[in-house]
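Visitor: One-letter residues, chain by chain:
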Amino acid sequence: MNVFDSLGIALTALRANTLRSILTTLGIIIGVASVIVMVAVGTGARSEVDRQIASLGSNMLVVFPGSTRVGGRAGGAGTRLPLSERDMQALRESIPGVVAVSGLLQGSGPVIYGNANWTTSLMGIHDQFNEVRDWQVVEGREFTANEVKTAARVALVGKTVVDKIFNGGDPIGATIRVLNVPFQVVGVLDSKGQNSFGRDQDDVVMLPMSAARGRIVGRSRLVNDNVGNIHVKFDASTDLSEAQEQIETLLRQRRKIKAGAEDDFNVRNLSEFMRARTSALTTMGWLLAATSAISLIVGGIGIMNIMLVSVTERTREIGLRMAVGGRRRDILMQFLVEAVALCLLGGLIGVSIGVATAAGVALSAQWPIVIAPNAIMMALGAAALTGVVFGFFPARRAAHLNPIDALRTE
Amino acid sequence: MDPTTQIDRLESAARHDAKPLIEARGVAKIYTVGEQTVRALDGVSLSIHLGEFVAIMGPSGSGKSTMMNLIGALDVPTTGAMVLDGRDVATLDSDALANLRNRTIGFVFQQFNLLPRTTALRQVMLPLLYAHPRPPDAEAMARHRLEQVGLKDRMDHVPSQLSGGQQQRVAIARALVNNPKLLLADEPTGALDSKTSEEIMALFCTLNTEGITVVVVTHEPDVAEYAKRRVLFRDGHVVEDVSQAGYMGRAAE
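First to last, the protein sequences are chains B and L.
Following the working numbering, the numbering of the first sequence begins with 28 at its first residue and continues without gaps.
Following the working numbering, the numbering of the second sequence begins with 1084 at its first residue and continues without gaps.
Please keep in mind that the hints were generated in silico from the structure rather than gathered at the bench.
Beta carbons: idealized from backbone N, C-alpha and C, even for Gly.
Treat the hints loosely; a few may be bogus.
Below, a sample of chain B positions facing chain L; criterion: calculated Cβ distance under 10 Å [to be verified]:
hint : residue
1    : Asn29
2    : Val30
3    : Arg42
4    : Thr45
5    : Ala286
Here chain B is said to cover these stretches of chain L; the calculated rule only asks that three of the stretch's residues, wherever they fall, bring their Cβ under 8 Å from a Cβ of chain B [unchecked claim]:
hint : region
6    : 1181 to 1193
7    : 1204 to 1217
My request is simple: use the sequences and hints to build the entire structure.
Guide: Here it is as structure tokens:
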């Protein structure tokens, strides 16, 4: 008797008790479905995080100005000494491995073109911003260094703004009014989608730093060349934590911070920050993994239970099979195959439910999912293993029945 | 001289020439139930040769069922030697016993013991699935045997669609499919009406004339009448072992 014969017998036996078979495999179904959902959502989340990290720009550090602390109440970022063009210049010249540097002022305001108007986020940037953030211009061109230096009235627009105010027309060369000042559109930005907080990154108009300063944020009382945050891109071989220390040392010197005093600025690696946020997802993944492990175990016990019932019900059949020449290993194999088939049946139902659930999550929560074929194989493998582990005891019991007693059973 | 006696003599002579198919020498089977020991068989010696038709009789508790289990290689004796088809069962492990049952013995049971929801054809093929090596023409062999027992038109029927007599015929076809030397039947007519019983016993007689050894274990004298030899058990001993005319002899009367 080979495995295929055993499988045929197993399927006949399972079909004879269809409802019972399906109910028995419920634990396996839940276990496998949760494995599939877990992996699909987890992998999707990770790929989303990777995408967001990529959209921030790779190998990048961001320097934020510090906040004041007056009588114990902390002011917001930038309330203390802002970062200046000179700080930026110093970074560019003194820190090894710097590829590109740009400041970033952020604000918001109305943009008008013809009779269409739209309130959007406004950014003041340097000419290297596109390179620093890996944020390309897909139509037209980037700002030139000269435009930034001379406060030229030029603008880059995001996809959403194009859709909102140009109504299908060609934005390149058009003159838009930003905060009631005319700017000529020279480029359209590549679409970046939502950021990790759900904000539309394409809803933006970028202006040269020098033209934006004093318009989208007020001029600082302390410096007249405020650049907001400084984004610094390094080459791939640079160790970012080392670079971070060098920036801190340099800025402490420049800003004359006494030894032991707190920094009045922050240097952050946003990619690290994003990765840290995924640890919450990882924790949830482990929780789901534990759930599926437990339900596979519970499901396995259910399988063992029903297989013991099956062995008892079919004692005469076992006796007959032994009488006509079935060896112990044939009987063992038959019941083991039946347990595994039962688990795989549950596994297949579980995979279907898992994939459907994951797709449902993807649709309703706008959450990206990735259904990996090896996750499905892994889940089915786990189900089959459950069948072998929990089917072995009942199968062994069947194989060690005494044929005489088995034949005599009513 | 009476012609039947002459035939018996001839058969008896043939018996002693060849090695017996079944040979029990001083066989005992002792069960321990609680603190009591039960001697189900107590020193039985019995030889059955190829081609015989033997009825094993006795009241319940006589040891006839225990003897059947030993003849069927389902059990081994506590003491004494049990030789089946030239092999001492004491020397065989459970796999070898299974193999012996598969190739040498065909079982027929009182309750038919057919598998539910399985067609007659597949029932009959069952012993071939356990055969080593497996015959390549298993299905043809099964069809042939079903035709032989008169179920040509019932191959695809499941047990619930068959009468008792037809079910027992399927069981007989199953017992025959692997060309065994011995057909071992345990109360084969116990669950059948008298007319069907007669048909089944007539089938056994026909098979016996074709050369197969038949051993029927029964407590019904009517059934035992079909056999050519009758062995009576009581309290674990053989108390009577006689040759008789058998069905063919009676039919000639």
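Visitor: Per the CB criterion, is B:Val30 less than 10 Å away from chain L?
Guide: With a minimum Cβ separation of about 12 Å from chain L (threshold 10 Å), the hint on B:Val30 is violated.
Visitor: Can the hint on B:Arg42 be confirmed by a CB-to-CB distance to chain L that is less than 10 Å?
Guide: Where the cut-off is 10 Å and the nearest Cβ of chain L is about 8 Å from B:Arg42, the hint holds.
Visitor: Would the hint on B:Asn29 be counted as holding, given a Cβ-Cβ threshold of 10 Å to chain L?
Guide: This interface hint holds because 8 Å falls under the 10 Å limit.
Visitor: Answer holds if the nearest beta-carbon of chain L is closer than 10 Å to that of B:Ala286; otherwise answer violated.
Guide: violated, 86 Å
Visitor: Between the region 1181 to 1193 of chain L and chain B, see if three or more residues pass the 8 Å beta-carbon test, and mark the coverage as holds or violated.
Guide: holds (count 7)
Visitor: Take the shortest C-beta to C-beta distance between B:Thr45 and chain L; is it under 10 Å?
Guide: At about 12 Å, which exceeds the 10 Å cut-off, the nearest Cβ of chain L leaves the hint on B:Thr45 violated.
Visitor: How does the coverage statement for the region 1204 to 1217 of chain L fare against chain B, requiring three or more residues with Cβ below 8 Å from a Cβ of that chain?
Guide: holds (count 5)
Against the hints set out earlier in the document, violations occur for numbers 2, 4 and 5.
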